[in-house]
Amino acid sequence: MIKIVKYVIVDILRNKIVIAYTAFLLAISLSIFNLEDNTSKGLLSLLNIILIIIPLVSIIFSTIYVYNSSEFLELLVSQPLKRKNIWMSLFAGLAISLSFAFCIGAGIPIILYAASSTGFVMLGMGLILSIVFASVAMLSAVMIRDKAKGIGISILLWLYFSLLFDGMVLFILFQFEDYPLEKIMVAITAFNPIDLGRILILLKMDISAMMGYTGAIFRDFFGTGTGFFIALLVMLLWVAVPAWLSVRTFNRKDL
Amino acid sequence: MIIASNVSKKFKKLTVLENVSLNCIKGECIALIGPNGSGKTTLIKTILGMVVPDSGFITFNGRNILHDWKYRSHIGYMPQIGRYPDNMTIGQVLSMMKDIRAHKEKTFDEELIYAFGLNILLNKRMRTLSGGTRQKVSACLAFLFDPEVLILDEPTAGLDPLSSELLKDKIRKEKQKGKLIMITSHILSELDDLITQVIYMQEGKLVFHKNIDDLRKETGEQKLSKAIASVMIKK
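Respectively, the protein sequence lines represent chains A and B.
Residue 1 is where the first sequence starts when you use the numbering used here, and the numbers rise one by one after that.
Residue 1 is where the second sequence starts when you use the numbering used here, and the numbers rise one by one after that.
A hint or two may mislead.
Stated by the list, open to error - Looking from chain B toward chain A, a few residues come up when the C-beta cut is under 10 Å (computed):
| hint | residue |
| --- | --- |
| 1 | M50 |
| 2 | R83 |
| 3 | N87 |
It should be emphasised that the hints constitute simulated quantities derived from the structure, not laboratory data.
These numbers come from a predicted model, not from an experiment.
Just so it is clear, CB atoms sit at the ideal spot from N, CA and C, and this is done for glycine as well.
Please build the complete structure, drawing on both the sequences and the hints.
The structure is reproduced here in C-alpha cells:
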C-alpha cells in the first residue's frame, strides 16, 4: 500500500498544481501578517480566506485527480492488489499532499507570526478541512461515472457548504425567531464541517463575545473540554464516513 | 483451474452474461469467440474481478475469487484497449508494475520488451504512443511476471504483421510450458494452429465449449473459421 501512496504523491507533485497552491497560500498568509500590525486581526483575515480556499481547492483538485486516475486505477485493479488498498492509497496520497501544502503554505507563517493556541487550532482545522473535502471528493467521484457531472456536483457541494448552508441556517433562524433555537443551532453546525471549524477557531479568539446569545451558548458548549472533543470527533466523522462509503462503492464498482 | 458457474451480469437493463458456466484446465489454450457485444470481454473481466457478477461465482484453483485478490498474481492480463497513466513513460510504467508485483527471487520475463524494441523507447510518455505501441506495452506487462494463466483480449488487434507474429511465437512458447491461455480474437485464421479448445458465445450465453479436434470432426472442416461458420449456419 505504501508503494502505491508513493506513486500517487510523486504523480501529484509532478502536475505542479499543488505546488502552485502552496505558493499561493504562502504568499497570502505572509502578506496578511505583514499588512496587519495586530496578529489576531491578521489571524481573523486569514481565517476567512482559509475557510473559502481550502475546501474549494481540496474538493475540486481531488475530484479531478480521481477522474484523471481512472487509467491508473484500471491498471492496478487487474493486478494482485486489494481494491480497498488501491482506493485508500489514492485517498492517502491526496490527503497527504494537500495537508502538506497547507502546512507549508499557511502553517509556517502562522507559527512564525501567531504561535498562540488560536494559531494552532487554526492550523489543525485547516488540516482536517483539507482531508474532509478530499474525502467528500472521493465519494462524489466514485458515485458518478460522468466526469463533467462529477466535477459539477463537487462544485455544488462546495457552494452548499460555504454559502447555501449558512443561508439556510439564517432563514430558519429568522422564520422561527420566536422559538428558542440556540441549542438546536449547536447540533445543526455539526452538519457543516466549515462552520464547525469556523466556530472552533472564533471561540479561541476574543471576538466571540460579540456573537450575542447564540455565541454564549456556543461558548458554553464548545468552550468546554468535552464540547471541543465532541466537535473534533464530528470533524473526524466527516473524514471517515465519506471515505468509508466511497471504499464500499469502489469495491463493487465495475471497471 | 478456473471454474465459473452460472455467472450472470446485467448492466442496467442490458443482460451481458447469462448463466455462463465454464471449466478451464491447466495446459489448455482456449479461444473465446463470438460476435461483437457477446460478452467476451465482460467474461474476462469477471474472471479478473474487474466486474463483479450479479449472481454465480468463479473459483480459481478451488478458491472463490470474490474476496480474494492474491490469485491475480497468477494471471497475466492483456486488455483490449490498454489505458495507462498519460504522463508516465514506458519505463516508469514497467518499473512501477515490477515494484508493485514484486515477487521473490524470480526473474522477469523481458523477452517481449526486447523483441518489440521497447527497450529503446523507455523514455517515451504513454500519451504520445500509437495504439500499436500501447498494445505492445500491454503484451509486455502480461508476460512480464511469467504467470501461470494468460488472458489475452484481442492480442493482435492493431499490431503490425511482424509484431503480431512475434507475439504469436511468444504465446506458442508459453503454451509449451503448459500454461493456461485464454485468447479472444476475431481473426480466426491466426488461432488455427494455436488453440486446443473453443468457447463460442452469443448474446451473453455460452453456446458451446468444445475441443478443437471434436469440432473439426463434427463439422468436417479443417479450418477453424469454416468450422465455426458451419456451426453458425446449423443453428
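Check your understanding: Checking against the hints above, which ones are violated?
Key -> Result: no hint breaks.
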